[in-house]
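A.B. asks: The residues making up each chain are set out below.
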Amino acid sequence: MSAQTLTSIRPASPAIRWSRRAAGAVAFAALIELISRTGLADPEFLPPATEIAGRAVTLLADPAFRAHALTSLLAWAIGLAIAALVAVPLGLLLGSVPLVDAATRSVVEFLRPIPSVALIPLVALVIGTGLQHRVALVVYAALWPILYNTMYGLRGVDPVAKESLRSYGFGPLAVLMRVSLPSSAPFIMTGVRLAAGVALILTVSTEIVAGRGEGIGVFIFFAGIAVPARMADILAGVFWVGLFGVAVNALMVAFDRRVFRWHHVQRGEEG
Amino acid sequence: MLEIDNLSHVYGGGTPNAHHAIEGLNLSVAEGELLCIVGPSGCGKSTLLRSIAGLITPTGGQVKVEGNVVKQTPDNLAVVFQDYSRSLFPWMSVADNVALPLRRRNMDKKQREDAAREALESVGLEGAARKYPFQLSGGMQQRVAIARALAYRPSLMLMDEPFGSVDAQTREDLEDLVLKVRGHHQMTIVLITHDIDESVYVGDRVVVLSKAPAHVVGDLKVDLPGPRDQITTREHPDFVHLRAEVGRLVRGHATV
Amino acid sequence: MLEIDNLSHVYGGGTPNAHHAIEGLNLSVAEGELLCIVGPSGCGKSTLLRSIAGLITPTGGQVKVEGNVVKQTPDNLAVVFQDYSRSLFPWMSVADNVALPLRRRNMDKKQREDAAREALESVGLEGAARKYPFQLSGGMQQRVAIARALAYRPSLMLMDEPFGSVDAQTREDLEDLVLKVRGHHQMTIVLITHDIDESVYVGDRVVVLSKAPAHVVGDLKVDLPGPRDQITTREHPDFVHLRAEVGRLVRGHATV
Amino acid sequence: MRRGGLRTAAFRVAVLLVLVVAWEAATRAAGSAFFPPPSTIVERMHAMWFSGSPATLFLTDAAVGDILPSLGRMALGFAGGALAGVVLGLALGLSSRVYDYLDGVLQFLRAIPPPALVTVFLVLFGFGLRMQLAFIMFSIVWPVLLNTADGARSVEPLHLQTGQVFRLSRTERLLRVVLPSALPKMFAGLRLALSLSLIVMVFSELLPGTTNGIGFQLTTAYVTFDLPAMWAGIVLLGVLGYLLNEVFLVVERRVLAWHHAAQRLT
Amino acid sequence: GTTSVAAPPTNAAGGLEKTQLKVATLPAIDSAAIYVAIDQGLFEREGLEVTPQVVQAAPEAIPMLIKGEIDAMFGNYVSMFAAHDKQALKVRILAEGSRAAPDSLSIMALPDSPIKTPKDLEGKTINVNVLRNFQELALTQVLKANNVDPASIKYVQVTFQNIMPSWKGGQIDAAYLGEPQVTAATATMGARKILDPASGPAAEFPISGYVSTQEWYDEHPKTAAAFQRAIHNAAKLMENNREVVAKVLPTFTQIDAATAATVTFPYFSGNDNPVRLQRVADWMLEAKWLSKAIDVKSLMSPTTSG
Ligand SMILES: Nc1ncnc2c1ncn2[C@@H]1O[C@H](COP(=O)(O)OP(=O)(O)OP(=O)(O)O)[C@@H](O)[C@H]1O
Ligand SMILES: Nc1ncnc2c1ncn2[C@@H]1O[C@H](COP(=O)(O)OP(=O)(O)OP(=O)(O)O)[C@@H](O)[C@H]1O
Ligand SMILES: [Mg+2]
Ligand SMILES: [Mg+2]
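Residue numbers (this note's numbering), protein chains in the order written: chain A, 1 to 271; chain B, 1 to 256; chain C, 1 to 256; chain D, 1 to 266; chain E, 1 to 306.
Okay, chain A solo, but in the shape it has when bound (with noise of 0.2 Å):
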């Protein structure tokens, strides 16, 4: 990662990295094949890893799993586009107009906390049960780690640097938009980041609490109903969901890497 790290290791080559990559998830699918295999977790209902990974295989052949999987990366797609459109600049707003932060901060903080089971109904009574639930879901739910990290973000920016745009004649909007924002962009990626794998959870979750129609958690769900359920099948669809996150993290991290080069080559981590 760094060169500065605390022991000051000198970057590993690629091929090393994507070794260790490698062996990491292969010690992890080691151990799933071993809790289930040792019977340490009834195999019927925590298969063995090469079972699931083979079912996943077939299930991607199987058109109907994948307009499962396409509804679903829609309304994900939407709605983590939506929170981050609404949450950055409300974000930008709260952390640098601290009268607004303190008086919508017992509003925003009493909205917060209520889960979506219990205001799944609410909303499917409010504006229905189509895309536009599920959607709205996800945005409720992925905005707070946008908001945060952005709030948060604005206050690690360096006052020295704030000053200087301000000396020279520069309004407070523009020391927010060309200072305060492209310094603390990298956290709000960050902030991002984490919001695309909750996002992702709440489109899953949202389905199999209560989907209709399409998608990965409606799959999951009717894998749950059979009789016998049908683990691998759950897993599989699960292990979808998993390595779509794990793709668009590393997305977002070359994105980021590349967009934010500057504040990664400054800490040594050259690439």
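Calculated from the structure, these hints are not laboratory results.
Keep in mind that this is a model prediction, so the values were computed, not measured.
Any given hint could turn out to be false.
Said to hold, decoys possible - Computed footprint of chain B on chain A; a stretch qualifies when at least three of its residues, placed anywhere within it, have a C-beta under 8 Å from a C-beta of chain B:
#1 64-70
#2 155-165
#3 257-267
Every residue, glycine too, gets a C-beta built ideally from N, C-alpha and C.
Add chains B, C, D and E with the ligands to chain A, keeping to what the hints say.
C.D. replies: What follows is chains B, C, D and E with the ligands alone, placed relative to chain A:
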């Protein structure tokens, strides 16, 4: 141009660790003047500068720039911060750092780029335009900060130990650069320095501040003949005399 | 004590913007010596220092400290960074900042506190112990960084423009402090400065580096009589001569 | 300063009052059983939870039976999840080796919807507290982990170098350099995790075998269409979330006082 | 569709207030009638076009019903009466749906369990899908009839999917199963039936029906009647004809054709009977699940089928 009237500043007022940085400071700077400020470390020079720039609200007295009491940052002002490395934006190339304030001027992109390039050249950094601040040495970063202020063509320029991190040769070049720019563009400049020779060499006037809380203990007009020159001016007997005078004031032996 | 052997460093090697900061630099410093390094801004002085401290791995050649090739930071080393304000920990009081490295010494809390207080006193900051770095002026922060290094009692001390932000009087005091401490504790010191007078005044030897890529263009032994003194030493004809010599070297007119 | 504080407090109360009045008016106008007016909800909360004897601080048996176990689960889950997040986050942020080995697996786990894993949790942990805690921790660890890793990775390089130059031991560098630098970002994660723990606590009380708790009460109220009771649960969660956040901010202001001062935030 | 059914009197499509209906159903055997009615063209014959919408649990359909996204839903009476009692929903029962048949519900114990007789259930932990629902209501009556104290039973809510792992893991002492789990547990685990919760006083216990809101019913009386006829006709058709049921089950449940051939079906109601339905409301009142008595008849529609 600049009127400082009975200025006081207390940090952490009301707390047990209140610190009186400035107390009852009076000072006025004429249009086009280059005023040097010297004074012991920690006396309150940077605090004074921040008050002029409207970055802090003094706890007493007032600062007037062009007749207006400073509440916000006055227009057409540039500051070279003592903490120059933190005042550069790490996400921008050096050229962009210099060009950024020019957005306040009526300039298109091309003009901004040209002005930035020119300013960087004038501080000897023509090769560094596309680099990022962290890729520069300390002295180079300091010169970027100077270039940024110069490119902006402010009517009032505040410089807080602007040449502290550069070598002797570059320092002299930069001193002459400031003198030249001042002559060309009718800037008023307030320059803080620890180098007594420098204060006499570049200043039209040298103000000496006391230990904290800062107030003015000496105010010398520098009346050296002709255009200044690194060799001849520094050899001039008036220069030597003034230098000694400032030195005595700084060391606490007021002459008058 | 310190052997630098054909040292080279290239930043961003392999990329089109590769920058050769140091090339084929040889230097050796004896035990207990105080070596001053001068050279143009951006030539590679800080880079050299970081190589000695094991903070970067040079792309060529090697550095040996007490006979061992530097791979990690050598033991008993202290650095005063050029960017002193960033090297202080904002979450610690000034006293804690100074006391922190002493955890590596066999000292209990009380001893550490005493040592920190003493070091702060020696740089004239007895009143600031309980303050936080952001509550100090630039020069005060720089003195904290010096106090931290001094309290640590390293056998090798690296100082990167350590007196750049303090007033003339304090600067002289600090120069004398370094000389005193060196005498007492058998330290080897490498000090980077832009002040040619200073380099001759404090140094046993002055090394002049070239423009980037840096290599040694001058290496002068400073042989001034008796214990140094701010007034008499600076008036000594050898001092005046050496100063001129270093000045010429820096300006690129090698004498030899 | 002081007067400013009072003014914002007054402002906050005013905002709150306006919103509650608007809420009351809107729900009365709509007249939907699913959206009872706040006055009804408050009455219900009082009857259900806060009409007990003075000896029990006016808490009723139902309050003791539902609210306390929930808060206990939440606190334990939060503590465990936060600790795991900080430890893992630091490890990931500091060691490229640990990062390489674990990052993929953690990113995988992070995307997994816990409701899909209930059966797995069940066979691994069994009914009750253990499963609930595992569930809460599994959900809230991520914001702490990612933000801590980000914080640990964005330590001012010169701070790390200073620690290295003075040969501070690994633990000292960790505790005295990295941790304090990462603290502001960690707090962003902790604050997220705090309210998240309240949410997930409710989810965990839907898990098989739960017999008490706010979440349990909430869902029971919904499936029996006792909507004012459901709203009472929602409002209680909101109030708890608000209070916990205030406590959190007090702690944060203390712990991060240096940060706020150094960043000239106050 | 082709049909071998004795054709009931067919109404012309004319006169219906609405011909396209959306009805929420559950992915369970109980919902079969509506699928059979579609499959066999019974709705078509009434001039209706019915689109089923599978939801995961009945409570989710209620907001849809209120919001008008669906016209009717298939829901269990206990929930419906509770909603009606709390005025969350003004319920109108369009047609009865399913009633428990012997062995379609079962309290079961694992082969090595010490529980042998109903009496052994005392003090034991038993799962239910949802607390305070029809499962408890029926079992309470049956336990009373078997001299077991119903209050001593500890009910825990366990979702369908997790019943087997909880049971095997010993977290529940006896399992409260429905079909097809009863069949599966008997066949694969050798589980023993301890008690039929739909026997004795709870025999033929009504479970679920097709409901709409009162307003919807008021606006669409003819449509409602046509819908009811189709459902009743389907039920009659299903009474002696397993195949029509087995044929549709795999299309909306997770039951494959092989299992569908062996599971025990509930009774599908070929007519509406307020008397047996009143029992549910009365027991709920007795359990204090209702704040006041409900006259079930007033919520039901007159039977118009033959
Ligand atoms: N934010 C602050 N909070 C509290 N005290 C402060 C703060 N900033 C500065 N001070 C104190 O005010 C005094 C003056 O500081 P200032 O930075 O103006 O000094 P200075 O004259 O610029 O010194 P130097 O030459 O060392 O930069 C110092 O004693 C310092 O400790
Ligand atoms: N991280 C980096 N990446 C790329 N180039 C760098 C980096 N750090 C320094 N350089 C370049 O290396 C050269 C030497 O830098 P260094 O900091 O050693 O100079 P210096 O002699 O200390 O100068 P100064 O007196 O101005 O501090 C400079 O030209 C600088 O641009
Ligand atoms: Mg200053
Ligand atoms: Mg340097």
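A.B. asks: Against the structure shown, which of the earlier numbered hints fail to hold, in ascending order?
C.D. replies: Going through the list in order, the structure violates hint 1 alone and respects the others.
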